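Peer 1: Given next are the chains, with one letter for each unit.
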Amino acid sequence: MKKHIIAASLMLSAMTSFGGGYQLNMQGLRQLAMGGTGTAWPWDASTIFYNPGGLARLNGIQVYGSAMMVMPNTAFGNRDQSGVVSSNEQSVSQSFMPFSFYLGGRIHEDSRFALGIGINTPFGNRLSWNDNWLGKYMVQSVELKTVFFQPTISFRASEWLSVGGGFVFGTGVLEYNRALPVHGIQGADIDDGRSNLRGSATGVGFNLGAQIKARENIQFGLTYRSQVNMDVNGGAAKFTVPASLSDSFPTTRFDTRMPMPQVASIGMGWRLGDVTLQLDVNYTGWNSYDSMRIDFAKTTSTLQNIRAPRMYRNTLTPRAGLSYKLSRVVALMGGAAYDPTPVTTGFVSPDLPDADRIVLSCGMTVKPLPGLTIMAAFESVNSVKRNGSYDYAGFNGVYQTTVFTPGLGLYYNF
Amino acid sequence: MKRIYIIGAAAFLFAACKPKVNVTTPPSAGEVVFSNYMAIGSTFTSGFADNSLTVSGQLNSYPQRLFEQFETIKSGNGATGPFVQPLVSGDNGYPNPKLILGPVTYCDGTVAMAPVNTTMPLDSNGSWQYISPINNAQINNTAIPGIRVADYPVAGYAGLNPYAKRFFYNPAQRPIDELYSRVFNLHPTFFTLWLGVNDVLGYAAAGGQGDGTGGALPVAANIYNTNDITPTAVFTTIYDSIVTAASSTTASGALINIPDISALPYFTAIPSNGLIVTRQSQADSLHAIYASKGFDIVFQEGKNQYVVIDHDGKLRQSVPGELILMNTPLDSIKCAGWGSTKPIPSEYVLTTDELQNIRNSVDKFNAYIKQECQLRRLAYVDMNAFMKTLSSGMAYNGIDYSTSYLSGGAFSLDGVTFTPRGNALVANFILTTINNFYKSTVPHTDANKYPGIKYP
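As you go down the protein sequences, you meet chains B and W in turn.
So for the first sequence, the working numbering puts the first residue at 1; every next one is plus one.
So for the second sequence, the working numbering puts the first residue at 1; every next one is plus one.
Derived from the structure by calculation, the hints contain no laboratory data.
As the structure is a computational prediction, the values presented were derived from the model and not from experiment.
Worth double-checking, as some hints may not be accurate.
Unchecked claim - Cβ pair distances, simulated, as ranges:
hint, chain 1, residue 1, chain 2, residue 2, range
1, W, ASN436, B, ARG313, 30 to 40 Å
2, W, ALA137, B, SER95, 52 to 62 Å
3, B, ASN196, W, PRO103, 23 to 33 Å
4, W, LYS334, B, ASP290, 40 to 50 Å
5, B, LEU316, W, PRO103, 58 to 68 Å
6, W, ARG279, B, ALA236, 36 to 46 Å
7, B, LEU316, W, LYS74, 45 to 55 Å
A virtual CB, placed ideally from N, CA and C, is assigned to each residue, including glycine.
Based on the provided sequences and hints, a complete structural model is requested.
Peer 2: As structure tokens, this is what we get:
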């Protein structure tokens with residue numbers, strides 16, 4: 001055999017990923033404990049997120065802080081062409097901590113206007129697999145951290161109507177690691193190449209809400225949170241590859257956009273003595289996430305821009321929650337939600353192997369001192385077992401995810 | 001008190017709810033007994049790769065992968081070790097050096113990564129004669145690189161093929177007798193048989209030098225030209241006797257058919273329209289060169305089909321779909337005017353009629369293999385279909401496998417045989433057929449666990 005030129009293209013499949021049902025409904029502990037409901041009733045300053053219209057109805061000035069520990073866990077079984085399922089894999093346990101901070105209240109005691117600011121983490125994702133797992137060429141680990149700042153104004157138009165709105169400024173960090181299917185000439189083992197993408201993102205949007213007090217004990221709420229496009233401009237793309245391929249995988253910059261979808265919600269709250277019942281429905285505009293695109297500043301025949309199809313669909317999430325005031329000091333909460341997945345058949349990728357989720361939650365609040373409230377909540381999310389394939393990458397399997405989220409927080413009324 | 005209950009309940013939930021996807025299918029043998037698995041075949045089956053035979057190539061052969069998967073069956077009738085392959089002694093190639101990727105400087109001063117012979121000292125010492133470490137001389141992978149179906153009745157064949165000679169019981173006996181000896185020794189309960197590829201490959205790799213119509217006559221008693229296609233009647237008669245030998249211990253098995261070899265990277269790596277003309281004046285002067293010799297060939301700016309000598313010795317421009325072989329010396333194309341001012345010689349070109357000859361024979365051979373399967377109730381592995389899938393691109397666990405040279409990931413540096421990953425994909429495809437035919441549930445292997453092309 002004679003020496004031969006290599007058509008130097010080494011087309012790596014552009015099948016990568018992050019994103020998915022990366023919405024976190026964890027911007028308030030009481031709401032978390034009540035199945036994620038909170039559009040109709042302004043419990044505390046976290047209404048800045050859940051319904052900015054409710055802020056004008058709060059008494060005094062409130063400062064609010066909470067933190068949660070999200071502990072996701074995904075199991076995966078590979079399904080081959082003859083339908084045999086093998087090689088059980090567990091994601092590496094990786095927890096992350098979304099937090100919320102709110103400060104707000106009426107500008108003075110008799111005013112119809114209220115001002116506030118919210119700082120929270122409405123979207124995020126963190127998932128790691130073993131470096132040598134079956135899907136290593138799609139994802140080894142992915143992390144999306146966002147922090148949203150929302151200065152807010154709220155106005156009590158009448159006894160029965162209050163409205164509010166906030167400007168949203170989002171910042172975030174995205175990191176995404178995967179193996180590259182190129183290995184060196186040394187040794188019998190496979191030392192895969194590695195791809196590391198890391199960049200910071202920013203985006204803007206708004207949050208509008210209205211609360212309607214139909215009767216003394218019945219309230220309705222409407223909110224609309226706009227889509228926030230988190231743009232990564234000039235993120236760092238680094239590749240570790242055999243020396244002869246270093247020109248094919250230059251260290252470069254990348255741009256991408258992660259749409260944080262718009263959410264419209266309608267909610268109802270009904271108070272009967274010590275018991276408050278809340279019902280919410282969220283409509284989430286996931287279909288804006290039709291593909292994941294990564295554009296590299298410098299491309300080669302090997303390193304091509306990435307266009308991975310996503311084809312998410314919009315979802316409708318019903319939620320219900322209950323609060324029971326045990327005494328002047330202690331209240332107990334519980335709730336449930338059914339959160340259908342935005343990920344459609346044929347597009348279930350292992351970066352966020354999403355499935356329909358059943359959410360159960362509980363929590364309690366304690367008022368040890370006048371003005372001070374301490375909150376605790378716990379949420380458990382179980383996905384149904386999903387037979388999923390990501391046809392684009394030829395990846396088939398059975399997934400199941402659970403997420404446990406304990407949270408603690410407090411607020412103080414001045 | 002209440003709080004303790006809540007914390008207790010939460011702790012319980014936490015402990016109980018770590019997800020477990022317990023949907024794994026327990027591996028089972030179905031209607032097959034896999035305990036004694038024998039592989040019969042030629043180049044593709046032996047683990048030959050990178051233009052040579054090495055230990056690591058053999059340990060990554062598809063029969064090795066199949067055995068490992070059969071071994072996962074613990075519910076009875078699974079394979080039990082050892083799986084003996086006639087291993088050579090080292091990793092640098094036997095008897096010729098293996099190919100590795102390295103920088104190559106061409107006549108025009110350009111440098112590119114290309115396959116070159118390894119410069120490591122050859123380890124043929126000890127490879128000459130293989131002696132099975134098992135007492136009764138057991139060998140499970142009996143594949144002989146290069147062997148054709150047509151070679152099975154040739155007495156003294158081992159004298160012509162060092163790969164056969166090194167492990168034959170009796171190098172003087174015919175390969176078909178050797179196969180009987182091996183079958184009686186191992187008593188296979190299951191076999192795979194992949195033969196026939198080499199009956200067309202020799203013709204293709206020689207640029208279609210032989211007759212090609214399947215009507216070739218023996219060059220000596222029983223011996224057919226290795227640069228020609230085995231006549232169909234010869235193929236079917238001998239193939240039948242090989243399957244009879246393989247199943248003589250009433251083993252179940254799988255017959256693997258012949259892929260369209262013209263899709264192999266060896267035949268597609270150099271595009272036939274690789275003649276780049278940058279200016280119209282250049283196109284005109286090329287036209288003038290051929291006009292002065294009495295040929296009317298029109299060139300244009302951009303890509304042009306190479307000028308070749310065809311099957312009938314005629315000078316002409318190639319047509320789209322015709323193939324230039326990978327062993328065409330690139331320096332001759334770059335600096336000696338091959339394909340432009342001079343035609344590429346016929347032995348480096350597969351023309352339309354030569355390709356049709358190959359396809360005709362492959363179709364006839366495969367029709368016969370399928371008939372054998374139906375007659376003897378053996379699994380029919382349609383590797384021809386697998387190759388079609390692969391050549392149109394096959395997404396598998398995050399990699400786009402294809403038949404593209406190097407970048408396709410499935411074929412080794414020689415452009416013909418598989419990489420360890422390619423072999424694992426082949427094994428998986430065979431497993432799918434076996435599972436469907438014999439109602440077994442043998443899991444696939446993760447092909448991406450094994451090496452692909454290695455880069456310096």
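Peer 1: Take the hints in turn and mark each one as holding or not.
Peer 2: How the hints compare with the structure:
1. For ASN436(W) paired with ARG313(B), a C-beta distance near 34 Å keeps the hint of 30 to 40 Å intact.
2. A hinted range of 52 to 62 Å holds for the C-beta pair ALA137(W) and SER95(B), which are about 58 Å apart.
3. Checked against the hint of 23 to 33 Å, the C-beta distance between ASN196(B) and PRO103(W) comes to roughly 27 Å, which is consistent with it.
4. Between LYS334(W) and ASP290(B) the beta carbons are some 45 Å apart, a value that agrees with the proposed interval 40 to 50 Å.
5. The hinted range of 58 to 68 Å is satisfied by LEU316(B) and PRO103(W), whose Cβ atoms lie roughly 59 Å apart.
6. The hinted window of 36 to 46 Å between ARG279(W) and ALA236(B) holds, with their beta carbons roughly 43 Å apart.
7. One distance hint, 45 to 55 Å for the beta-carbon pair LEU316(B) and LYS74(W), holds here, with the actual separation near 46 Å.
Of the numbered hints stated above, none is contradicted by the structure.
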